[in-house]
Amino acid sequence: QKEVEQNSGPLSVPEGAIASLNCTYSDRVSQSFFWYRQYSGKSPELIMSIYSNGDKEDGRFTAQLNKASQYVSLLIRDSQPSDSATYLCAVNIRGSSASKIIFGSGTRLSIRP
Amino acid sequence: EAQVTQNPRYLITVTGKKLTVTCSQNMNHEYMSWYRQDPGLGLRQIYYSMNVEVTDKGDVPEGYKVSRKEKRNFPLILESPSPNQTSLYFCASSLYPLGEYGYTFGSGTRLTVV
Numbered sequence: 001q002k003e004v005e006q007n008s009g010p011l012s013v014p015e016g017a018i019a020s021l022n023c024t025y026s027d028r029v030s031q032s033f034f035w036y037r038q039y040s041g042k043s044p045e046l047i048m049s050i051y052s053n054g055d056k057e058d059g060r061f062t063a064q065l066n067k068a069s070q071y072v073s074l075l076i077r078d079s080q081p082s083d084s085a086t087y088l089c090a091v092n093i094r095g096s097s098a099s100k101i102i103f104g105s106g107t108r109l110s111i112r113p
Numbered sequence: 114e115a116q117v118t119q120n121p122r123y124l125i126t127v128t129g130k131k132l133t134v135t136c137s138q139n140m141n142h143e144y145m146s147w148y149r150q151d152p153g154l155g156l157r158q159i160y161y162s163m164n165v166e167v168t169d170k171g172d173v174p175e176g177y178k179v180s181r182k183e184k185r186n187f188p189l190i191l192e193s194p195s196p197n198q199t200s201l202y203f204c205a206s207s208l209y210p211l212g213e214y215g216y217t218f219g220s221g222t223r224l225t226v227v
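Chains A and B are the protein sequences, given in the same order.
If you count by the numbering used here, then the first sequence holds residues 1 to 113, one letter each, in order.
If you count by the numbering used here, then the second sequence holds residues 114 to 227, one letter each, in order.
Pulled out of the complex, with its shape left as it was, chain B reads as follows (with noise of 0.2 Å):
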């Protein structure tokens, strides 16, 4: 079945305790993305990235990371959580570039930093 893989599900952590939340898509996409949801925001892209080794900044990359050395994985990194990122986060691919047919998304993983 083509998807989206995303881990952990749900997740609470503690204000400064590195985390990375882990997502991998296997249908061969080479356009991967993270976003974030919060009440009223919508979803707001973090980082993206169109290749192996190719990732660029979203809207609010602030107090992430990521990387891409494989085409299927594209974790997101939090070196140091705080609670502004309590949220709910999506991974998601794409056959073309920026999503412009359309993205997979992921099943999402609430993340709670107290």
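This is chain A alone, in the form it adopts within the complex (with noise of 0.2 Å):
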């Protein structure tokens, strides 16, 4: 099982429309969680970070984090052509000797207008 997994896509959203992305991750002690947005041949950029159980929104955004069910998602609302992107899940993950940041393999998604 690897440490944090997404769904690798293409998702496919109608502009206007809501965009689900989702995250799993194996380490139920991990504290700190990312979403970061990569545009094609572009480096990742940082969009919502999320600490605590519940709910976050910034803008047009929501994350949305449950510990029990190691389960992080991202909300987009009003979807616009230009958040089409790849997006890219980051959790804090323990190691042999310190804690580390580990990426998923990043969800594809389009947003047809």
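No wet-lab data here; the hints were simulated from the structure.
A hint or two may mislead.
What the hints assert, rightly or not - The calculated label-pair distances, taken between Cβ atoms and stated as ranges, are:
| id | chain 1 | residue 1 | chain 2 | residue 2 | range |
| --- | --- | --- | --- | --- | --- |
| 1 | B | S195 | A | S69 | 39 to 45 Å |
| 2 | B | S195 | A | K2 | 22 to 28 Å |
| 3 | B | A115 | A | D58 | 16 to 22 Å |
| 4 | A | E57 | B | D151 | 45 to 51 Å |
| 5 | B | K184 | A | R112 | 44 to 50 Å |
| 6 | B | M140 | A | R60 | 26 to 32 Å |
All C-beta atoms in this analysis are idealised placements derived from N, C-alpha and C, irrespective of residue type, glycine included.
Using the hints, put the two chains back together into the complex; each one sits in its own frame.
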């Protein structure tokens, strides 16, 4: 089992709809959770971080964390064509000597006009 | 402008020819890290540095070296590149250890080893 798992997609969503991206992780004591957006050929850009159970909203983006289910999601409301990108989930995982950030392989999101 | 600068952006080299990818940040971040990104495998950490002269291996360190002689610079060295090191490389820095409050990434270096 991968430490951080995401559906690779592509996920196709009509413009104006809600895009829902999901991520599961294996380490029960993970503390920090991140969503990065990566446009094709560009570097990842941090868009959301979440540390506590529940929802965290920032503009059109909402991150949801459920530690009991080891599940973190990202909702994008009123999806725009400019939201078309790969979304990377990243989780703090315990290593052999220290914790580390592990990235999922990403979900490709396509917003169709 | 706060940024992480990597050079070169693109590099094609031959097997065995030593190369260095430079990385510099202007945010006074203590923590810096190198990742490689391959299709289907996500970002995998190569090496990281907690501060000047403090470096440690990540998940895929074989075939790479790093140094941290100054806080702002964290070069990645491939002493004898091989085709399996063909990849997209990112340098990242963070104010806090291990990127726990998020990384700032460089623009990336696409390396091809033939």
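Comparing the hints with the structure gives:
Between B/S195 and A/S69 the beta carbons are some 42 Å apart, a value that agrees with the proposed interval 39 to 45 Å. Judged by the Cβ atoms, the range 22 to 28 Å given for B/S195 and A/K2 holds: they are separated by roughly 26 Å. Against the hinted window of 16 to 22 Å, the Cβ-Cβ separation of B/A115 and A/D58 comes to about 20 Å, which satisfies the hint. For A/E57 paired with B/D151, a C-beta distance near 33 Å fails the hint of 45 to 51 Å.
Look at B/K184 against A/R112: about 46 Å separates their beta carbons, and that is inside 44 to 50 Å. Take B/M140 and A/R60: their Cβ atoms lie about 27 Å apart, and the range 26 to 32 Å holds.
In summary, the one numbered hint that this structure violates is 4.
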